[in-house]
Amino acid sequence: MVRQTDPSPEKKVEKIDAPLMKKMIVAATLWLNENQAEVDALNVFPVPDGDTGTNMYLTLFDAAKEVENIEENEVSKVLDAFANGSLMGARGNSGVILSQIFRGFANGARNKKHLNPKEFSYAMGEAAKKAYQAVMKPVEGTILTVVREAANAAKKEAEKTDDFRQLLEVTLLQAEETLEKTPEMLKVLKDANVVDAGGRGFCLILEGYLRALRGDSTLEKELKKVAPADPSRSVKAEKLEYAYCTEFLIKGHKINLEKIRKYLNQYGDSMLVVGSTEVTKVHIHTNNPGKVLDYAVQYGRLSKVKINNMEEQIEDRYGSIPETSSEEEIPMEKAFGVVAVVAGDGLGDIFTSLGADELVTGGQSMNPSTQDLAAGCEKIRSEKIIILPNNKNVIFAAEQVKEVTEKEIFVLPSTSIPEGIAAMMRINPEEDFASILKEMEKGLEEIKTGEVTFAVRDSTVGGMNIKEGDVIGLSNGEILVSNTDVGKVTLELLKKMVDEEDFLITVYRGEKISEEKGEEIKEMITEEFSDCDVEMYPGNQPLYYLIISVE
Amino acid sequence: MTQEFQNELGKVHISKEVIANIAGLAAMECYGLVGMASKKIQDGLAELLGRENLSRGVAVNSEGDKLVIDLYVIVEYGTNITEVANNIIDKVAFTMKNILGLQVSKINVYVQGVRIGETN
Numbered sequence: 154m155v156r157q158t159d160p161s162p163e164k165k166v167e168k169i170d171a172p173l174m175k176k177m178i179v180a181a182t183l184w185l186n187e188n189q190a191e192v193d194a195l196n197v198f199p200v201p202d203g204d205t206g207t208n209m210y211l212t213l214f215d216a217a218k219e220v221e222n223i224e225e226n227e228v229s230k231v232l233d234a235f236a237n238g239s240l241m242g243a244r245g246n247s248g249v250i251l252s253q254i255f256r257g258f259a260n261g262a263r264n265k266k267h268l269n270p271k272e273f274s275y276a277m278g279e280a281a282k283k284a285y286q287a288v289m290k291p292v293e294g295t296i297l298t299v300v301r302e303a304a305n306a307a308k309k310e311a312e313k314t315d316d317f318r319q320l321l322e323v324t325l326l327q328a329e330e331t332l333e334k335t336p337e338m339l340k341v342l343k344d345a346n347v348v349d350a351g352g353r354g355f356c357l358i359l360e361g362y363l364r365a366l367r368g369d370s371t372l373e374k375e376l377k378k379v380a381p382a383d384p385s386r387s388v389k390a391e392k393l394e395y396a397y398c399t400e401f402l403i404k405g406h407k408i409n410l411e412k413i414r415k416y417l418n419q420y421g422d423s424m425l426v427v428g429s430t431e432v433t434k435v436h437i438h439t440n441n442p443g444k445v446l447d448y449a450v451q452y453g454r455l456s457k458v459k460i461n462n463m464e465e466q467i468e469d470r471y472g473s474i475p476e477t478s479s480e481e482e483i484p485m486e487k488a489f490g491v492v493a494v495v496a497g498d499g500l501g502d503i504f505t506s507l508g509a510d511e512l513v514t515g516g517q518s519m520n521p522s523t524q525d526l527a528a529g530c531e532k533i534r535s536e537k538i539i540i541l542p543n544n545k546n547v548i549f550a551a552e553q554v555k556e557v558t559e560k561e562i563f564v565l566p567s568t569s570i571p572e573g574i575a576a577m578m579r580i581n582p583e584e585d586f587a588s589i590l591k592e593m594e595k596g597l598e599e600i601k602t603g604e605v606t607f608a609v610r611d612s613t614v615g616g617m618n619i620k621e622g623d624v625i626g627l628s629n630g631e632i633l634v635s636n637t638d639v640g641k642v643t644l645e646l647l648k649k650m651v652d653e654e655d656f657l658i659t660v661y662r663g664e665k666i667s668e669e670k671g672e673e674i675k676e677m678i679t680e681e682f683s684d685c686d687v688e689m690y691p692g693n694q695p696l697y698y699l700i701i702s703v704e
Numbered sequence: 002m003t004q005e006f007q008n009e010l011g012k013v014h015i016s017k018e019v020i021a022n023i024a025g026l027a028a029m030e031c032y033g034l035v036g037m038a039s040k041k042i043q044d045g046l047a048e049l050l051g052r053e054n055l056s057r058g059v060a061v062n063s064e065g066d067k068l069v070i071d072l073y074v075i076v077e078y079g080t081n082i083t084e085v086a087n088n089i090i091d092k093v094a095f096t097m098k099n100i101l102g103l104q105v106s107k108i109n110v111y112v113q114g115v116r117i118g119e120t121n
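Protein sequence lines correspond, in order, to chains A and B.
The working numbering applies: residue 154 is where the first sequence begins, and numbers increase by one.
The working numbering applies: residue 2 is where the second sequence begins, and numbers increase by one.
A hint or two may mislead.
With the Cβ distance kept under 8 Å, some of the chain B side facing chain A (calculated, not the full set) [what the hints assert, rightly or not]: (1) S16; (2) E64; (3) G79; (4) T80; (5) E84; (6) Y111; (7) V115; (8) G118.
Simulated from the structure, these hints should not be mistaken for laboratory data.
Glycine residues also receive a C-beta, built at the ideal position from the N, C-alpha and C atoms.
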């Protein structure tokens with residue numbers, strides 16, 4: 154007999170049972186995790202900020218987590234859990250599509266204890282159908298096309314082979330071939346010279362499955378080792394009031410449910426006493442499971458007794474629980490505190506010198522999580538905290554901090570470093586808090602932001618042909634100039650930004666620009682814009698050669 | 002009423018109908034959305050509207066210089082509705098900015114119905 158749970162390379166895999174399916178799902182999750190950055194990079198806009206890979210991975214991680222936690226030996230049950238997990242965990246457009254694909258697959262495998270290749274390919278067909286169903290105008294050249302073509306290939310191949318390795322190999326090949334054609338089907342992809350990110354993600358999932366079948370042991374890690382740092386799940390690990398979830402049935406007769414409820418209420422919360430006078434189910438969160446059982450046993454025989462330590466469960470998910478520390482002596486409280494999001498130690502120093510209390514590392518393509526931001530807020534001894542996100546993609550995470558902390562949070566929606574600095578400069582500690590906020594907000598508006606960075610791939614924007622590695626100049630997020638030389642781009646960009654009323658140009662030089670090169674650029678700017686003062690500071694920020702503010 | 006811009010040579014007016022159409026089209030590209038619903042809630046019926054009718058499921062209001070867009074949608078059963086709605090908001094905001102150069106101050110998504118597809 155072939156041992157299904159341990160497929161070695163020489164042996165055929167003729168059926169997929171529950172343990173193998175689980176293994177495949179975990180492998181796919183890990184494989185996607187390893188290649189997440191590559192999928193993210195397949196963005197159709199040539200600035201580093203994609204997130205399809207991350208969204209797909211977060212969705213798959215939640216789904217796989219659900220699968221890891223069930224003890225089932227029917228493959229249909231595993232697939233159901235997988236589909237449910239992906240539904241709950243869906244992130245972004247690509248995540249919602251994935252959840253539909255998995256739901257379709259689970260429906261196609263309904264009531265199956267295990268799957269043979271024909272059944273598997275049938276389920277894939279259902280997955281493709283389901284995926285197409287939930288959109289008004291399906292766009293070809295996306296993950297939808299890749300799934301459909303892969304399902305067709307699987308169907309054909311299932312007629313010829315009884316070996317899953319063969320089946321998945323052919324399916325994956327077709328998926329990859331279709332993926333290569335996506336730029337021909339969708340113009341935005343062709344313009345950006347990339348393949349579809351969602352489709353690539355789907356190929357990685359198939360590849361993960363195949364790797365599990367071939368016995369790739371590098372994909373057998375436990376999931377929690379790769380748990381994502383995820384803003385929306387930043388539940389603080391708190392000390393629980395009641396630690397044990399206690400559940401059992403009482404089998405007796407003439408059980409008085411009301412009386413049990415009243416009595417047990419003193420021992421905990423989340424209590425549920427339901428059922429009939431013959432069979433009663435009790436559920437309670439308590440610190441004294443013994444006493445609860447002791448009391449219940451007088452009403453009859455106890456069965457299906459289950460006691461779980463919920464603190465352990467939380468530790469598994471969120472890391473260790475902080476010990477309830479004794480109240481430390483709290484020094485004088487500040488009227489308010491400021492948390493600023495920055496990348497680069499030079500920029501950090503600037504914010505600190507202007508009075509920021511805590512810095513959280515982050516910026517383009519490395520957004521901090523809500524938890525990181527909340528941790529920063531908690532460190533400050535003040536009940537009022539102003540957050541400067543300094544990037545449009547961080548504003549949402551910053552808003553979320555309100556949900557997880559008891560402090561009063563004010564998010565000043567600064568979308569760039571210069572905006573954040575302009576806001577900081579306007580703080581006058583003599584004023585009251587409301588006026589300070591108002592002043593800071595004004596600071597955001599009075600400044601123009603320019604950024605000089607590099608394109609992450611070939612692309613066409615606004616009639617400009619941009620090659621990978623080209624230097625591009627952005628003003629308020631829009632690409633205005635591209636060239637191969639940092640100095641030239643900077644000058645061209647400034648020409649488009651500076652108008653007669655401007656008097657100050659401040660340049661923050663990134664980690665890739667040396668001091669000499671910086672001085673050179675500064676001189677060029679001074680020469681060109683003789684009406685303005687030019688200042689240069691070492692920002693040491695990654696990705697951006699220069700960040701410029703004009704006011 | 003229309004949305005206006007001005008530059009040194011003249012004015013640009015964009016009618017609400019245009020904004021509504023573009024918002025509707027953008028929303029329809031979102032996965033999980035299977036139709037727009039008539040915004041006449043008093044009908045008691047969330048009728049599925051075809052593409053030619055798409056601006057009927059969209060209400061555009063301006064309060065001062067602020068633009069508020071309400072979308073009345075029907076979502077496929079079995080998708081994560083909050084996530085689909087979030088995606089719609091992101092997509093419409095992005096499209097408004099990208100195509101029309103309009104900053105929308107609020108986008109509200111009203112899920113008026115779920116459609117249960119054939120394979121459920």
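Cross-check of the supplied hints:
{"no.": "1", "hint": "S16", "result": "violated, 24 Å"}
{"no.": "2", "hint": "E64", "result": "violated, 20 Å"}
{"no.": "3", "hint": "G79", "result": "holds, 6 Å"}
{"no.": "4", "hint": "T80", "result": "holds, 5 Å"}
{"no.": "5", "hint": "E84", "result": "holds, 5 Å"}
{"no.": "6", "hint": "Y111", "result": "violated, 17 Å"}
{"no.": "7", "hint": "V115", "result": "violated, 11 Å"}
{"no.": "8", "hint": "G118", "result": "holds, 4 Å"}
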